[in-house]
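**Student:** The primary structure of each chain is shown beneath.
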Amino acid sequence: GEDVEQSLFLSVREGDSSVINCTYTDSSSTYLYWYKQEPGAGLQLLTYIFSNMDMKQDQRLTVLLNKKDKHLSLRIADTQTGDSAIYFCAERTGGYNKLIFGAGTRLAVHP
Amino acid sequence: DTAVSQTPKYLVTQMGNDKSIKCEQNLGHDTMYWYKQDSKKFLKIMFSYNNKELIINETVPNRFSPKSPDKAHLNLHINSLELGDSAVYFCASVGPGYGYTFGSGTRLTVV
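Respectively, the protein sequence lines represent chains V and Z. To convert, note that position 16 of the first sequence is 16 in this note's numbering; the numbers rise steadily by one, no gaps. To convert, note that position 14 of the second sequence is 14 in this note's numbering; the numbers rise steadily by one, no gaps.
SDA-like cross-link-like pairs, simulated, lysine to any residue; straight-line CA separation at most 20 Å:
(1) Z:K40 x Z:D85
(2) V:K56 x V:N21
(3) V:K68 x V:S51
(4) Z:K36 x V:Q44
(5) Z:K36 x V:I86
(6) Z:K44 x V:E38
(7) V:K36 x V:D83
(8) Z:K44 x Z:N75
(9) Z:K36 x V:L8
(10) V:K56 x V:S17
(11) Z:K67 x Z:N57
(12) Z:K41 x V:A108
(13) Z:K40 x V:S11
(14) Z:K36 x Z:L83
(15) Z:K19 x Z:M46
(16) V:K36 x Z:F42
(17) Z:K52 x V:N97
(18) Z:K40 x V:Q44
Think of the hints as simulated: they come from the structure by calculation, not from any bench.
Produce the complete structure using the sequences and hints provided.
**Tutor:** This is the structure:
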């Protein structure tokens, strides 16, 4: 089956690192994604990782993929108030490449 | 020059009405999608078209009918609107490689 799970809330202090975790079920997923959604806005692609990679770094963002455990994480270094948003994990799966989204993790950054 | 554009951005209508949402992409992608985001922010795929052919049709009421006149356009027509149809509807397209591109969303409110 296709299922993506995330914890729903995360609260961090400004300047700390944030780690958002995600698990997925479909081992044939080709790509895994992280999207950011700010209040009232659309979906912004933050980063993605191909399924044969373990890690990807892009400025303050680090994605780790443990394919054996079907676990994906997003680390945001030096978290800022502007990072407050909902973060969605998604897997690209199936013959027609549909995206299956997690429920989203609400990240709150406080001073 | 917006890659995936949806109209209208906001739509407020009464129960029982019929309405359409339009989506156009200028990326030359073959595959387009409709996703629904409910009030709890869950994102779920509804339909997908590949080069004008319906390839994904999830469990969606028959009142929802997608139409793709050409591969750059995917419209969503909803008959007999119900309160539970209130949501944000996102159009997306995907081409070669990793990239999904989402529109900015249509916020539908049924009163």
